[in-house]
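Work the whole structure out from these sequences, hints included.
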Amino acid sequence: MKRILTIAALAFLAASPAFAGKVVVAANSSQGALDKAGVQAIFLGRTTTVGGQPAVVVFQKGPVRAPFESGVVGRAGAQLASHWSRLVFTGRAKAPEDVADDAAVKAKVASTPGAIGYISDEAVDATVKVVFDF
Amino acid sequence: MKSVLALGILAALAAASTHAQSVQITGFGQMVAGTVTDGTAFPGTGYDGDWDFKDESLFALQVRGDLNDQWSATAQIVARGREDFEPEFAWAYVGWNGGNGWSAKAGRQRVPFFRYSDFLEVGYAFPWLRPPHAVYNATFSNYDGISAAYAFASGDWFSNVGVIGGKNEDDLLISNLPASQELASLVGVYADTTYADWLSLRASYLRADVTVDAQALNPLLAALRGNGFAGVAEAVDFSEDSGQFIGLAAEVNRGSWLLIGEWTKTTIDDSYYADRTQYYVTGGYRIGAWMPNVTWGRRDNEAKPEIVGLLPNVPPLAGLRAATAGVVASEALDATYWSYGLRWDVATNVALKADYTLYTNDTPASADADSLAVGVVFTF
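Which chain is which? The protein sequence lines are A and B, in order. Take 97 as the starting number for the first sequence in the working numbering and just add one per residue. Take 20 as the starting number for the second sequence in the working numbering and just add one per residue.
Keep in mind the hints are simulated off the structure, nothing from the lab. Just so you know, even glycine gets a beta-carbon here, dropped at the ideal spot from N, CA and C. There could be a bad hint or two in this list.
Said to hold, decoys possible - Computed far set for chain B versus chain A, every beta-carbon distance over 10 angstroms:
| id | residue |
| --- | --- |
| 1 | 233 |
| 2 | 244 |
| 3 | 331 |
| 4 | 345 |
Claimed, not checked - In silico lysine to any residue, SDA-like type, Cα no more than 20 angstroms apart, as pairs:
| id | chain 1 | residue 1 | chain 2 | residue 2 |
| --- | --- | --- | --- | --- |
| 5 | A | 132 | B | 176 |
| 6 | B | 323 | B | 287 |
| 7 | A | 132 | B | 214 |
| 8 | A | 157 | B | 366 |
| 9 | A | 132 | B | 177 |
| 10 | A | 157 | A | 140 |
| 11 | A | 157 | A | 194 |
| 12 | A | 132 | B | 171 |
| 13 | B | 73 | B | 46 |
Said to hold, decoys possible - Rough simulated footprint, nothing fancy, chain A against chain B, three-plus residues with beta-carbon under 8 angstroms:
| id | segment |
| --- | --- |
| 14 | 107-114 |
| 15 | 130-141 |
| 16 | 166-179 |
| 17 | 363-375 |
Okay, structure coming up:
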């Protein structure tokens, strides 16, 4: 029994992302809170508006990227890039932005209507509005 | 002239991009080296016994300018090694995105024949070195016209339905002689759906009035007409004859497994064009950044010997019958492909690929061939 509990706890720990983060939009965006499916739809290019504006999807290269891609979007790395190449080169979506880190995501999101990105928990401040927690 | 126009538009858009943030430049390409390892030529490639570095290599730039929230203009210019890297428009259209899933395009676009038609040349978007030639062998891939599409989600299903209309005019080779084709009243409908991000299904139907003027065919047609068999000439040639295409595809992308299958049927009424049934199945297994894959493909093109039967079987017509039978029989094809492929994602946006294909042609008086090709594909 104890052993099963230990295994379950280990499995839970292994499944938990090493970083927690938030999906954010501009502080003045009319976008309301999203569920996981809503975030997936935007970051897989299926929903093309954010807060009533044409979506500008912002990926970043910081440590929050891996837990976000594998834990929330469900596709990561080359598979995700391949998915987006299918959308971009057929005109189904605009190419996503790919910026360096939390600060760059906040700057882009705060200044661009329709922009949506993800940042680590500690980077959240008044310039952005949290729409999903992961 | 075409390339000058293409470069001019690129330069103008590039110049505009320094002023407006709403211009996006992206691109993709591949550098492929290939050779025929057994035989003299390989279908769908220009390979022979030497290593070739140009035939399947290409470089493409896409420029998209947003005109406002709903309208955009996109040009995709592809320079193919096979055409000496002469730039050509693969896409050039004005797009409208009406929100709520509705969109439309006017201009040059891909004909939505196959599952991978829309990103035919974007090597980074598919697992193989080249889309399986058993199915991906249409003599043209673009049309000029309009399209409209509606995308919608329903539970775990995400679907797209679309209609297209337009025409295609192209120059091609038939029996190594120049031919020109016109597909008028080209209309089509397609639908694809994805379930829970791992199962994709697709169906497409297209039709057109097909006219082809082929130098290779003209001597026979003239002989038929000259002998008073205009009706037989009609049954052989392509003169606004109704062509139909049906495509079905399924794809499973779950866990480490990738399974893809496509089946197509192409016919052109009142012509010697064989009834083509073509299909392939691909299986792949992802091991980290590696994706080994195997593809089995078939081309089963049924010739129309009944056309020869339209000519009376009398000795004076033996020559004409033989010539007609030869042309009709040239359309028969019974071929099998076995491809062993490997894709290795070396970095985000860069992948290395290899392909070894065994081609078996069981049509009488035809040759088998094996080909090896390796390449690097990228997007930016």
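Verification of the supplied hints:
1. 233: holds, 32 angstroms
2. 244: Answer for residue 244 of chain B: holds, closest chain A Cβ roughly 45 angstroms.
3. 331: Since the minimum Cβ distance to chain A is about 53 angstroms, residue 331 of chain B lies beyond 10 angstroms and the statement holds.
4. 345: holds, 42 angstroms
5. A/132 x B/176: The given pair, whose Cα atoms are some 15 angstroms apart, holds under the 20 angstroms limit.
6. B/323 x B/287: holds, 11 angstroms
7. A/132 x B/214: Distance ~16 angstroms between residue 132 of chain A and residue 214 of chain B Cα, so the pair holds.
8. A/157 x B/366: Distance of about 13 angstroms is within 20 angstroms: holds.
9. A/132 x B/177: Roughly 15 angstroms between the alpha carbons, so the hint for residue 132 of chain A and residue 177 of chain B holds.
10. A/157 x A/140: Answer holds: residue 157 of chain A to residue 140 of chain A is near 17 angstroms, not above 20 angstroms.
11. A/157 x A/194: Roughly 7 angstroms between the alpha carbons, so the hint for residue 157 of chain A and residue 194 of chain A holds.
12. A/132 x B/171: holds, 18 angstroms
13. B/73 x B/46: Cα-Cα ~19 angstroms, so holds.
14. 107-114: holds (count 3)
15. 130-141: It holds, with 3 qualifying residues against the three required.
16. 166-179: holds (count 3)
17. 363-375: holds (count 4)
Consistency note: the structure conflicts with none of the earlier hints.
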